[in-house]
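2 protein chains.
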Amino acid sequence: MGLSKKPVNGMKDILPREMEIRDYVTGIIKDTYRSFGFTPIDTPAMENIANLTNKQGGENEKLIFKVLKRGEKLNLETAKDASDVVDYGMRYDLTVPLSRFYANHENELPSPFKALQIGSVWRADRPQRGRYRQFTQCDIDILGEPTNLAEIELILATTTTLGKLGFKGFEIRINERRILKAMAAYAGFSEDKWDTVFIILDKMDKIGLEGVRQELIDDGNTEGSVDKYISIFTKLEGIKDTSKALEVLSEELDDFLEDEVRENLDQISAAVESAKSADFELVFDATLVRGMGYYTGTIFEIAIPEFGGSCGGGGRYDHMIGNFSGKDVPACGFSIGFERIILLLLEQDFRPDVSVKKVAYLVEKGYTPERLSKIMEKAAKARTENESVLVVRMNKNKKHQKELLSQQGYDEFIEFYNDQEV
Amino acid sequence: MGLSKKPVNGMKDILPREMEIRDYVTGIIKDTYRSFGFTPIDTPAMENIANLTNKQGGENEKLIFKVLKRGEKLNLETAKDASDVVDYGMRYDLTVPLSRFYANHENELPSPFKALQIGSVWRADRPQRGRYRQFTQCDIDILGEPTNLAEIELILATTTTLGKLGFKGFEIRINERRILKAMAAYAGFSEDKWDTVFIILDKMDKIGLEGVRQELIDDGNTEGSVDKYISIFTKLEGIKDTSKALEVLSEELDDFLEDEVRENLDQISAAVESAKSADFELVFDATLVRGMGYYTGTIFEIAIPEFGGSCGGGGRYDHMIGNFSGKDVPACGFSIGFERIILLLLEQDFRPDVSVKKVAYLVEKGYTPERLSKIMEKAAKARTENESVLVVRMNKNKKHQKELLSQQGYDEFIEFYNDQEV
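Line order of the protein sequences matches chains Y and E.
Number 243 in this note's numbering belongs to position 243 of the first sequence; there are no gaps in the numbering.
Number 1344 in this note's numbering belongs to position 344 of the second sequence; there are no gaps in the numbering.
Any given hint might turn out to be false.
Here are the computed lysine-lysine pairs in the DSSO-like style, where the Cα-Cα straight-line distance is at most 27 Å [unchecked claim]:
#1 K1030(E) to K1055(E)
#2 K1276(E) to K374(Y)
#3 K1030(E) to K1062(E)
#4 K1381(E) to K1357(E)
#5 K398(Y) to K1327(E)
#6 K327(Y) to K1398(E)
#7 K164(Y) to K1398(E)
#8 K1365(E) to K1396(E)
#9 K1374(E) to K240(Y)
#10 K55(Y) to K1244(E)
#11 K1374(E) to K1357(E)
#12 K357(Y) to K1164(E)
In case anyone wonders, no lab produced these hints; they're calculated from the structure.
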């Protein structure tokens, strides 16, 4: 019978060294977010398949692991396509389940509701190095808060967490869907072209201003519009200060941009600057797009120098919960790049700073039951004194055994020989 | 478009109150097991379907959620049955994945390897009150340890954890597959009948000695054998002391029972008694069977008075890893009834003892950006001093708002009015 030792394709086993880092990072995240008043929730790994294929998930909807119907409901003979034989799917993110959760439990939850979720999601992506088909997402969301108090708290909580994990000198890039739209309107692009324009703009960091210009032209936009559009980004180039950038933008776009949008970002920037505890900059970035179609207002992204790309992001999505409950609820979320953080800490050979003393008891073989009882008693006592104690039989090659135990973090060894008192 | 607010049938959303208890229990479990030298690991939620349908999982194999093949591999037209259209399945326990994991990584792991796993498993059982189709299992296992050092450490670690969670006056029931077999052989049942005999014996707590007797007769066993079998349990009745019970059993079974089996249990009992830190009894129970076919030696079960039935169990399974690697490895595990513990704590309205002060800042609406910045600064400072601070806008009905916040554990309120200094 061909049993396989390997995990399923594209998913991975997690060994103790990595798992200890994951536990450590999870602990910091939970403690920090809790200090901001976020409360933990959880949702099932599976959702009804209709909830996952409602165009909210964008490209992720193509990557769903689908669950076969069971029992009498499964009728393979008459099935025409996959949708006939599946009823559930594995969640591909935590935002769709959260929105369903909130619609389902709104009456039992405080308002605003500050949710923390850490959990696995599954995507049947082409497996590649460092990218897995099951991975952990870590989201905080504030539901029911229409003002920028949500954005401010989300950015402060996320950056404080990153600071506690040892990251510094990073950036939080911020933009607004309404600014993206105002810029496109100002340039004179027709509204049905906007989504394509944003997709092209999103490539700015890869293809540069000239590349974006060319692709916009190739896409059939008039040279006049394209040049007007490009001129906005030229004017903003090199301006690092958020308030200054917004001033320039506001002057340029004039009536296309509501004052409220600018004031909103200015307030977020000021509050974050004065209350931040980590070493980072909040930077306005007119080229920030974020893929998901469900964002309705502010969008933000984490850029850490050690990483090439983004290490998490989020934004406001005021209409998603309405899809489930029929009633829109203001919502804003921030997702931290859990797997990228773990990867970086692993590469840095990071060791969680555990204050617990790790002691290994090496017990010579041939012990009597009475000796063993005494040794176990001694171990029990040490454990109550906050020591981590491993009781193992002494190997013939004691030196090698100790070396291996040292690699596991044991730095004290007590040897129990049968001719000595315990 | 019909989106559903409900979780999928038989699975549940977890609200903050329960999630906080789950996080608390998980923390105690991890800390305690770590102090015994167990190290955390994780495996994917899915396994190759062949690994799950190898008769190792007993009845659970009928309850597998199966995952549809994707892309070109899915060929519905030619599919004859479910096995043609699925490649993966959701894990129904943590023991099969652990065995695969160990076979896959043996060279990278210490020996003996002490593993701790906490994770979701899925079973497409008929949904019923308090029983869900996704639930958390929490297992510790010692792999590569042939002696009863494994059993002793597993029982001490599990009971210490239960003690730290506040349980007392409970029992750990212990038995041995080899004793079960010796008793059946002594009675004269033919070997092909043993499995059925054990299934009937397992009902002892429900149908009593007379009920077991009747079912054994109904099953076609001779009255002589049945009476001989029943007489063993009559002789053991009322004997609480493990050592005494083993003595009686050993006298009765004589050559059918190897001395080593009795000595092994005696040693476990003595070491556990002298080193235990929780308030419990280790009790030999000749009627303990445990369903899974993979057990090869000791078996044990937790009985907590507050519960009707068992609250976890385990045993030795020395042949399972060999199914994956072709080479048997001694293995012994103990699973703690995580979901039952959570249920009990919820029913007792348990509140985790968190040392963090929870403060709510109620901010009057109409604040200036400068005021908000100052308030956020004040909150940031309090959070560095280990307070959990919630910043919310003050509602018109402040009294009601405070009541709701009290229910969430906030016991201090600071009000920020626009006409007062921050």
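Checked hints:
{"no.": "1", "hint": "K1030(E) to K1055(E)", "result": "31 Å, violated"}
{"no.": "2", "hint": "K1276(E) to K374(Y)", "result": "11 Å, holds"}
{"no.": "3", "hint": "K1030(E) to K1062(E)", "result": "32 Å, violated"}
{"no.": "4", "hint": "K1381(E) to K1357(E)", "result": "14 Å, holds"}
{"no.": "5", "hint": "K398(Y) to K1327(E)", "result": "25 Å, holds"}
{"no.": "6", "hint": "K327(Y) to K1398(E)", "result": "25 Å, holds"}
{"no.": "7", "hint": "K164(Y) to K1398(E)", "result": "35 Å, violated"}
{"no.": "8", "hint": "K1365(E) to K1396(E)", "result": "10 Å, holds"}
{"no.": "9", "hint": "K1374(E) to K240(Y)", "result": "24 Å, holds"}
{"no.": "10", "hint": "K55(Y) to K1244(E)", "result": "68 Å, violated"}
{"no.": "11", "hint": "K1374(E) to K1357(E)", "result": "21 Å, holds"}
{"no.": "12", "hint": "K357(Y) to K1164(E)", "result": "20 Å, holds"}
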